[in-house]
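Listed here are the chains, written in short residue letters.
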Amino acid sequence: MHKVERINLGDKINLTFIGVDKFKTNLISVYMQRPLDKKEVTKNALIPNILKSGSNKFKSQREISKKLDNLYGAGIYADIAKKGDMQILSFKMSITDETYLDEKILKESLIFLNDMINDPLVEDGGFNKEYVDIEKNNLSDKIKSRINDKSRYALERCIEEMCKDEKFSIYEYGYEEDIESINEKNLYDHYKNIIKTSPIDIVIAGNLDKDKVLEYIKNIFKFERENVIDIVGDNNIGTVESVKNVVDKMDVTQGKITLGYRTNIDYKDDRYYSLMVYSSILGGGPHSKLFVNVREKESLCYYVYSMIEKYKSIMFISSGIEIDKYDKAIELIGEQLEKIKKSEISNEEIVNSKNSIINSINSVRDSLNSLSDFYYSQGISGVNENLDSIMKKIENVEIKDVVDVSSDITLDTVYFLRN
Amino acid sequence: MKKIVNDILKEELYYDKLDCGLEVFFMPKEGFSKKYAVFATNYGSNELEFIPINENQKIKVNEGIAHFLEHKMFEQPDGGNAFDKFSLLGASANAYTNFTMTAYLFSATDNFHESLDHLIDYVQTPHFTDENVEKEKGIIAQEINMYDDNADWKVYFNTLKAMYIKHNTRIDIAGSVESIYKIDKDELYKCYNTFYNPSNMALFIVGDLDCNKVMETVNKAIKPKDTLDNIKIFKEDEPNEVNQKEIVENLSVSIPLFNIGIKDLDVNRSGNDLLKKEICTEIILDMILKKGSSVYEKLYLSGLINQNFGCDHVSQIDHGYTILGGESKDPHKVRDIIFEYINKYKQDGLEKEDFDRIKKKKIGMFLKYFDSVEFIANNFISYHFRDINFIDYLDVLKSVTFEDVSDRFNKHFDEKYSVISIINPK
Chain A
1 MHKVERINLG DKINLTFIGV DKFKTNLISV YMQRPLDKKE VTKNALIPNI
51 LKSGSNKFKS QREISKKLDN LYGAGIYADI AKKGDMQILS FKMSITDETY
101 LDEKILKESL IFLNDMINDP LVEDGGFNKE YVDIEKNNLS DKIKSRINDK
151 SRYALERCIE EMCKDEKFSI YEYGYEEDIE SINEKNLYDH YKNIIKTSPI
201 DIVIAGNLDK DKVLEYIKNI FKFERENVID IVGDNNIGTV ESVKNVVDKM
251 DVTQGKITLG YRTNIDYKDD RYYSLMVYSS ILGGGPHSKL FVNVREKESL
301 CYYVYSMIEK YKSIMFISSG IEIDKYDKAI ELIGEQLEKI KKSEISNEEI
351 VNSKNSIINS INSVRDSLNS LSDFYYSQGI SGVNENLDSI MKKIENVEIK
401 DVVDVSSDIT LDTVYFLRN
Chain B
1 MKKIVNDILK EELYYDKLDC GLEVFFMPKE GFSKKYAVFA TNYGSNELEF
51 IPINENQKIK VNEGIAHFLE HKMFEQPDGG NAFDKFSLLG ASANAYTNFT
101 MTAYLFSATD NFHESLDHLI DYVQTPHFTD ENVEKEKGII AQEINMYDDN
151 ADWKVYFNTL KAMYIKHNTR IDIAGSVESI YKIDKDELYK CYNTFYNPSN
201 MALFIVGDLD CNKVMETVNK AIKPKDTLDN IKIFKEDEPN EVNQKEIVEN
251 LSVSIPLFNI GIKDLDVNRS GNDLLKKEIC TEIILDMILK KGSSVYEKLY
301 LSGLINQNFG CDHVSQIDHG YTILGGESKD PHKVRDIIFE YINKYKQDGL
351 EKEDFDRIKK KKIGMFLKYF DSVEFIANNF ISYHFRDINF IDYLDVLKSV
401 TFEDVSDRFN KHFDEKYSVI SIINPK
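Going down the list, the sequences are from chains A and B.
Using UniProt numbering, the first residue of the first sequence is number 1, and each one after it goes up by one.
Using UniProt numbering, the first residue of the second sequence is number 1, and each one after it goes up by one.
Okay, chain A solo, but in the shape it has when bound (with noise of 0.2 Å):
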């Protein structure tokens, strides 16, 4: 079991502390909150590496491995990812439990990462240039590697077109076009002012002693702060008001399809888990509708699922198909969604579902990341549901609940990569 408990440090920064005597490992993790916004968005995504290039202390990434080699193979992870309306920073660090090891290691990697983040190589006002000048290209590479992953990439363009004119389209590694301007100065301007302004939480999990950690986080997280911003997100309920069919042509073998749905239901309201338990009976599984009736007993994909989009009210189903089965592919795939509709549901799919999802629930607390990443989301998102109160709310969910928020599913966008 758990424990969890969350402690204001003041300034907006938040401490969670998950104890749990199981691991091995402990995991620190630093989250940021920035908004969404195609003007920040760029500048954002070049941070995590170029804060991995060198600190004061240990000023190249040569000099950083080395140092967490003898932290007794540390791990350092900095990365951004898109979370609704809002694009995330997060640095983690994950250590073994000293208690397993010859040497004390905890306080000098919590040392270690306040260094990464609060005190990164700077020289004359600004990052160092050598290496903001690389991660740029390395930027534009993995913008322009976007095409290689072809599943990910009809997935990521469904969401571009579906929501045009919302936030939510914002390609949350930024646009090449916006690279350019982006020099040593300015990004380092941009940081200084991501660390006054953002809201910040801390969580660290593992089998520690909670007072040792709260005195060593008072005592070596200095964040420089001001005045920290309100994250405002777009209203993600609405009508479609006709589908929008669009085809991008490649060079490709496998044609690969996205559909995205508006589910017009709202992660705060209890409507949300009957409408996780609608897509598991969907497309959740080897037990899904999607998978017998378009897979197996068509043979027409190897993978076909439905997944929701928590924190923007939208579905997306996916599957890579032979192209000449298009049509015939969303006949069936729409066949499944009216199934549902008509309440054409056995008991053993309700049954099936709801399992599905409870184990998958309940195994979040057998990963320190998981556990970490679900308490962030849960205080960040103001939903005061911990994992056993969800588990009980998909228990509770009928047949009636999943039909009743179907008719609140709109197709809003089909997305067919083909060549």
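Worth flagging that the hints you see were computed from the coordinates, not collected in a lab.
All values derive from a computational prediction rather than experimental measurement.
Where a beta carbon is used, it is the ideal one built from N, C-alpha and C, also for glycine.
One or more hints might be untrue.
[Said to hold, decoys possible] Covered by chain A, per the in silico footprint, the following chain B stretches (three or more residues, Cβ under 8 Å):
#1 107 to 118
#2 134 to 146
#3 293 to 305
[Said to hold, decoys possible] Quick partial rundown of chain B residues pointing at chain A, CB under 8 Å, derived from the structure:
#4 F32
#5 S33
#6 G90
#7 S92
#8 V253
#9 S254
#10 K368
#11 F370
#12 V373
Add chain B to chain A, keeping to what the hints say.
Here is chain B on its own, set in the frame of chain A:
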């Protein structure tokens, strides 16, 4: 039933060999919600020529059949699918086939014993009909097509094709659309009956469970069968040279992808001997090529590689190789710089300080891996088929000396046995 305790890891492992020849392993993991079981056969896509059980003539089967068999094992005699019962029990099931083994697995937070019973039962209940075999072809063809568009997969398989002349590891695990369409139910049964004998299989279970109860479930579910003596498998000898130095293909990608492969000539080892070779090679990769090395720094700062650069070593009993790969505007230059450094280290020797640092790193990382039940189960089973007990890993790691590593470095890292595979943008 034997019990092995590892004091550094603070873990225990129980082991038993049943009368039918099945080897069963159980590792308790107190406090974990997830319980995980993997039931595997020592049979993968590499086995294409053998004498089927109760026959005396060798046969050559169609490429991709081990993977096809994996798909078809889910078929149940009542017309249902093995997934159905797992779903009802709330377990999450899956299976995978690689070059050397086929594994069936599930994880469950509830109803573990029923799920385990079902796992053992369905893997022992083949049900192939002309109709259900035919139906699978469309699904597998789409799986093959999906990989055809996957540049990472392509660049890797082309590396194997460049390194190997005769060895079956040069053949795609799933076969080709052409080869799988030739597979029929008789061929599937021949493979099944030969390779899915309990004496050719192993079962690994991990989770917060009672050992006696686990063994009781296993013993009840396992169906008695005559144990098999050695299965006669035929393989051609692999020459001590590479097939082709370079292989280039074009796909819809934005920047060239590359793999540099180094073929391992020091093969036909097993047990801790093989494990030691693997660990030595991994330490070398960390010392001279990964982040923290001077060659990585040089390549990264000159913009020749990005964060995607990585390296890996594969040590199977009858073959092995090292692969370095990533994205680069100039893969040839990356290769030249890497071998320039390798040759320099050959003259000047490796650094003892790097060796000590990497050993420390590997000890800490190994401990952390034991926080994942999936990691534990999948690694134990794959090492088991190479006669390695994974719980010995730390002991072997600690026993490796700087001299062992230097010796392995001089033998294996030879430009002569290297190949390069490149995927260029179309």
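Contradicted hints - numbers only | Every hint satisfied by this model.
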